[in-house]
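Enquirer: Here is what each chain is made of, one letter per residue.
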Amino acid sequence: MTATTALPEPGTAAPPAPPPPAGGSLTRALLRDRTAVISTGFLLLLCLLALCAPLVSQLTGNGPYTFDSAALDSHLGGVPHGALGGISAEHPLGVEPQNGRDILARVLYGARVSLTIALSSTVLTGCLGVVLGMTAGYFKGWVDQVVSRLMDFLMSFPALIFMIAILSSVPSGNRSVLLVAVISLFGWPYFARVIRAQTMTLAGREFVEAAHASGARSAAVLFREILPNLRSSVIVMVTLAVPGYIGTEAGLSFLGVGVSPPTPSWGQMISTSVSWYAVDPMFFVIPGALLFSTVLSLTVLGDRLRAVTDAQGAR
Amino acid sequence: MSTPRKDSTAGTATAVAAATPAATSASGGNADLLVVEDLCVSLPSHGGSRQLVKDISFTVGENETVALVGESGSGKSLTSLALMGLLPRGAGVSGSVRLRGRELLNLSDGALRSVRGNEVAMVFQDPLSSLNPYYTVGLQIEEAYLAHEKGGRAAARRVAVEAMERVGIPDAARRVRHYPHQFSGGQRQRITIAMALVCSPSLLIADEPTTALDVTVQAEILRLLAELQEHTGNGMIFITHDLAVVAGLAQRVLVMRSGSCVEYAEAERLFSDPRHPYTSALLDSVPRMDDDIGDLKSLQVPSHASPHVPGEGADR
Amino acid sequence: MARYLLGRLTAVVLLLAAICLFTYFIFFSLSADPAVSICGKTCTPERIDSIRDTLGLNEPLLTQFWHFVSGLFAGRDYGTGATAIRCEAPCFGYSFQTNESVWHMMTGRLPVSVTVTVGAAVLWLLIGVGAGLLGAVKQGTWWDRASMTLALGGVAVPNYVLALVLQYFLVVRFQILPFPSAVSFSADPFLWFQSYLMPWTVLALVYASMYARLTRANVIDTLSENFLRTARAKGISRPLLLRRHALRPSLTPVVTVFGMDFAGLLGGALITEKVFGLNGIGKMAADSIAKNDQPVIMAVTLLAAFFAVFGNVIVDLLYSALDPRVRTTSP
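Protein chains in written order, with the working numbering: chain A, 54 to 368; chain B, 17 to 332; chain C, 160 to 490.
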């Protein structure tokens, strides 16, 4: 992995930084944990299916937007034919009431949307948080003042209300990009706060002072000495941020300000299913269960990762 | 030290055997306060269990000080925790620990609690972390008193103030209401000593009590411990990694390494005529006034066990 | 201490002013024409003109902002003459869609939000902290493992999913509870309790799970502290040891987190209120967002920010009351 980044520049007198937990041993420790393996397996399967969504809908012959009125019982107000929300050979997970769209296709295309938004938000949040947090913690002084006040400012906003308000007052445009931007705007301070505190402790450590004494430039110290030591906390925070953002995206879509229809999204499907759940509970159960298991798997994984890195840090 | 010798377990065993009789007679006419025989401690690790203290035997008389000396991880702190019954859950102990003839190792939790702090008290290494930051020092001293004595709050407060005066905290009546962080390092250690002495224990275990302190403060604390002992006649087990500290303080010294006893002898003899190479190595590593600067020696005796012992948090 | 408080208060006022400014400009610059959105769906060009005039939208943005701020303290009049609408201080604006002053709307709905939040907070503190303490003391037992697995699951359930599941089983399927409605306590205490039971549970679950994990981790950390060993060495009893030496250090961080969470929810438990149709601040926010009723959105944002900022101040004060190290070192 990237273990080499932890080594000091050749030729400088800086003593080597304490090695961060090596990527290899992290993986090995996780592989020993059954729940972590199951969670990872589920997530990999989900990602694979989401990637292959077009292939899957070709196989079943149902696109995410194709209506299938034949699968619906028009006498009962558009409830799917058959038990369990119209599960059949053609529609393995049934169909949506009223319009008969294939739930499997919609759920998989929805996964693409949800995961893309969550991952992009995490990347953007992580980058902003790490860079700003490190800068604030390392340079201190007025830089720290500015960044800290900005963090106070953003963190005292009622993020959810504000996100909804912004999303609803912006007339149109690319909803996904807007979602990522809004989530990241309110998300980075939570990263930066942790990174800032850790950078401050690291900056006082001997190996950083030694790097300074040997004439390394600030940028070099930041990226060669400090960043590698932040790696394990960044990994943990990222793993825990992804389920959070999946939940946020689903929540916003549930409230009707997220991804706009007909583009499928889990939150939106759950939202639509509200008016049907008395007659067609499966329509609610499938996206609900999928959302729950995805968030749970990621949370479990993050939790185990933290336990492993904590144990390694304590040694 | 320049010629490292293979240090086998058999060698260690003979050293113990040779040292023990001499040491027992050294306690003279004093009644033995504490007798430790073949004490073994093991802690669970990775599925199995590891023996971290092996067959330690020694005795402490009234008004007598025995030093346990060794590098960090040598098992000396574990030994003292075992005497107090303070080992972490899952630890295995065997052997015998008798205080005034009473076996401590098979006591019930309740009976052991009435011994702890009452007959045997302990002073720990880091005075800041061993005091609870959320409560006044007064309350923490009173607590030790109230756990064993049938006095009221007012009596406990009086005892606490007295104890603080005895260990040399000026203005004790006012200072009992202060919190640990409002005291200096040396004063904090004085307070933990006051806490330990509040029930007049017959045995005091001091686990590296001076390690976390400045050199001048170290000397003060050592003097205080010696004075208090002179006054109350308690026995003391003094645990340290620093042989120099022991010199004027202990009557007998037990040198430990990797959980085993390396040498157990009267202090005078140990300093003048160390029998075991490890002891001489330890002695050589103590800087002296007549040493050339730049000639500080590090311990270079072959190690047959990892010095890294999990579970002995007090040393790190 | 007085100087510290004064400094703190100044910072709070500045922060609130900044939030106010930011919110104002975002909301009144993002949407195409505030007058159109205020006017609503049934709108004529004349009405738009009159609204623009009434609101002073033809003036520069900064002047408008000044009107808004002065309205907060002195109240303001919309329009002139006989048709003028008086908005008493504190004037957070006037909703032309509901024909009500926003302050009036908010104060009318705050009790519902407070009821939801307080009830949920009691639940999650009892369950979360209780389960965490038990888990830590009985570390490694089946109880510990079961409660921590549940807590991990609880963090992962989105609250609207839980709300729908509960509603399906308790209201629709087995009809154990009535559909929630904002009954007042004095009208029918039992119905009141039944109505709020589901919202409380739904809101409390996520927090209870987080608090259980937090409490457990804190207690376990504290149990390995050196001062706990010292206390054991004194020979004090286990109940006293846990109650005095383990509890306070481990619960102090929980109290501070609680302060922030509680303050955050006072500004409206948006999703819970919306799903259960409870007429609180959160639902008001959701509704006005749907209708694009900007004065209301603006006011709710400010109210929530106000709670968050003051929650922060109260947490700091609480912290210094609970932790003597902070108390005596703060200037």
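Hints are computed from structural coordinates only; laboratory data are not their basis.
Model, not experiment: these values are computed from the prediction.
A virtual CB, placed ideally from N, CA and C, is assigned to each residue, including glycine.
There's no promise every hint is true.
[Unchecked claim] Over 10 Å on every C-beta distance to chain A, these chain C residues come out as not near it, computed from the model:
{"hint": "1", "residue": "C202"}
{"hint": "2", "residue": "V228"}
{"hint": "3", "residue": "R391"}
{"hint": "4", "residue": "L401"}
[To be verified] To give a feel for the contact side, a few chain B residues facing chain C, derived at Cβ under 10 Å:
{"hint": "5", "residue": "E119"}
{"hint": "6", "residue": "Q198"}
{"hint": "7", "residue": "G202"}
{"hint": "8", "residue": "F287"}
Enquirer: With reference to the structure, classify each hint as holding or not holding.
Expert: We went through each hint and held it up to the structure:
1. C202: Check passes; 17 Å lies beyond 10 Å.
2. V228: holds, 18 Å
3. R391: Holds, since 22 Å exceeds 10 Å.
4. L401: holds, 24 Å
5. E119: The hint is violated - B:E119 has no Cβ within 10 Å of chain C, the shortest such distance being about 18 Å.
6. Q198: holds, 6 Å
7. G202: This interface hint is violated because 17 Å lies over the 10 Å limit.
8. F287: Hint violated; B:F287 Cβ to chain C Cβ min 31 Å, cut 10 Å.
In this structure, the hints that do not hold are numbers 5, 7 and 8, in rising order.
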